[in-house]
Amino acid sequence: MYYLREMPDKLTITVISGSVDRLTGMAVLVSGAVAMDVDVEIFLQLWGIYAFRKDKIRENTHLSEFEELGEEVMKRMVEKNVKPWHEVLKEAKELGNVKIYACSTAMDIWGVKLEDLEMVDDVIGAAEWIEKAKESNISIFV
Amino acid sequence: MGIDPSQIKPNKTVDARGTSCPGPLLEAKRSITQVPIDGILEVLSSDPGTKKDIPAWAKKVGHELLGMVDESGYTRIFVRRKK
Chain A
1 MYYLREMPDK LTITVISGSV DRLTGMAVLV SGAVAMDVDV EIFLQLWGIY AFRKDKIREN
61 THLSEFEELG EEVMKRMVEK NVKPWHEVLK EAKELGNVKI YACSTAMDIW GVKLEDLEMV
121 DDVIGAAEWI EKAKESNISI FV
Chain B
1 MGIDPSQIKP NKTVDARGTS CPGPLLEAKR SITQVPIDGI LEVLSSDPGT KKDIPAWAKK
61 VGHELLGMVD ESGYTRIFVR RKK
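Listed in order, the protein sequences are those of chains A and B. So that you can map any letter, position 25 of the first sequence is 25 in this note's numbering, and since no number is skipped, the others follow by simple counting. So that you can map any letter, position 76 of the second sequence is 76 in this note's numbering, and since no number is skipped, the others follow by simple counting.
A couple of the hints might just be wrong.
Facing chain A, from chain B, some residues (calculated, C-beta under 10 Å) [as the list claims (entries may be wrong)]:
| # | residue |
| --- | --- |
| 1 | ASN11 |
| 2 | GLY18 |
| 3 | PRO22 |
| 4 | LEU26 |
| 5 | LYS29 |
| 6 | ARG30 |
| 7 | GLN34 |
| 8 | ILE37 |
| 9 | ALA56 |
| 10 | LYS60 |
| 11 | VAL61 |
| 12 | TYR74 |
These are computed hints drawn from the structure, not numbers from a lab. Here a beta-carbon is modelled for each residue, glycine too, at the ideal position from N, C-alpha and C.
Bound conformation, chain B alone (with noise of 0.2 Å):
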């Protein structure tokens, strides 16, 4: 069974709202790193491409996407960094 990832607890949280596309994904490639591998980076944004761009990102690059959390007017993406 799936974790429910409104309980994931990042080790970092990069708030992206506001920023257009691709904004939220280099602000993703820019803070993974700033968190331990296996560590996990959450990310903000409020741009409806990013709950597409950032699992085809992860997947690319291999890391690994837990799931979102639709908020109010944007969504919190949770990544676990793999490498």
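The shape of chain A in the complex, shown without the other chains (with noise of 0.2 Å):
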């Protein structure tokens, strides 16, 4: 294969989601980037800066659909040996090289700082990382 300029390969995934569903679906994946040496980088948003609060993470049952099936895959979650979301993501920043970043104005709504966020790096503004998602190869919305 031939490219135009070296550049590793780079998943960036813009999270504004905070419903577990989405969460778990989004630590699969970038899960499956890192055991394929693929760099990702992601953006929280509203709400999935919320997801990502210390005191919320854990706690945190919110699902995006299907409320009413919700104990039933939580259930089942369990029984096939689904790891937490943020368990899954934790041992995937541990393997490769995964950043997350906070949009700085949705802190602000929050009134949260950074020390108040598990597994997040840094805040940034969105045209840093409109920068940064330009030069992934693969870039989705959460």
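Starting from the two chains in their separate frames, assemble the complex, guided by the hints.
Structure below.
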């Protein structure tokens, strides 16, 4: 394969959702990327920031879809040994090159600081995020 | 002619049965450095996705997939570390 310029494979994920189902899907993709030696950068917006708050990350049970099936799907995930999304993400972060950024405006909305958030590396703005996303081969929105 | 994978003697076996996708692949990534270069890692997985994931990973990262053996309820996957 030929590239116009050398750059590492990179996946960027913009996360506005704070729902456990969407975050679970996100975490699985991150660990898949890490296994494939793909760098990952994640940008947290509104509910994404809320879900990474140290005081919320473990107690959050909100689902974005099929709320009536929530109890059943949670039970199945436990049966099938699917780890909580934040544990999957933490493991991926330890194993690969995963950076997590928080949106400065959303931080302001929640009145939180970097040290109030789990696993988050830095606070950046939307323009800087777009610059990072421009350099990635895969970019998704959760 | 290819080798019979069931005759392969691995340097190390990692049992990832019971972990869900992509757990077995992460185990493979973690464990491959624990066998010498040209050594063989065997991964046991009960997750059907692994049969696609590990070949894709080996190709991307540059290791050699030697073969797979389906057992009852799980698969044995053999990878030769190349670098």
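Status of the B:LYS29 interface restraint (C-beta, 10 Å, chain A): holds, 5 Å
B:VAL61 as chain A interface residue, shortest Cβ-Cβ below 10 Å: holds, 6 Å
Satisfaction of the B:GLN34 interface hint, Cβ to chain A closer than 10 Å: violated, 14 Å
Proposed interface contact between B:TYR74 and chain A, which counts if any beta carbon pair is under 10 Å: violated, 14 Å
Proposed interface contact between B:LEU26 and chain A, which counts if any beta carbon pair is under 10 Å: Because about 6 Å separates B:LEU26 from the closest Cβ in chain A, which is inside the 10 Å limit, the hint holds.
B:PRO22 as chain A interface residue, shortest Cβ-Cβ below 10 Å: holds, 5 Å
Interface hint status, B:ARG30 versus chain A (Cβ within 10 Å): Constraint on B:ARG30 satisfied, holds at 7 Å.
When the least beta-carbon distance from B:ASN11 to chain A is tested against 10 Å, hint result: violated, 20 Å
Per-residue hint verdict: B:LYS60, partner chain A, C-beta under 10 Å: Interface hint status for B:LYS60: holds (5 Å vs cutoff 10 Å).
Hint check: 10 Å Cβ-Cβ cutoff, B:ILE37 to chain A: violated, 17 Å
Residue hint B:ALA56, partner chain A, criterion CB-CB below 10 Å: holds, 7 Å
Restraint check, 10 Å cut-off on beta carbons, for B:GLY18 near chain A: This hint holds: B:GLY18 lies near chain A, its Cβ roughly 5 Å from the closest one there, short of 10 Å.
When the structure is compared with the earlier hints, violations turn up for hints 1, 7, 8 and 12 and for no others.
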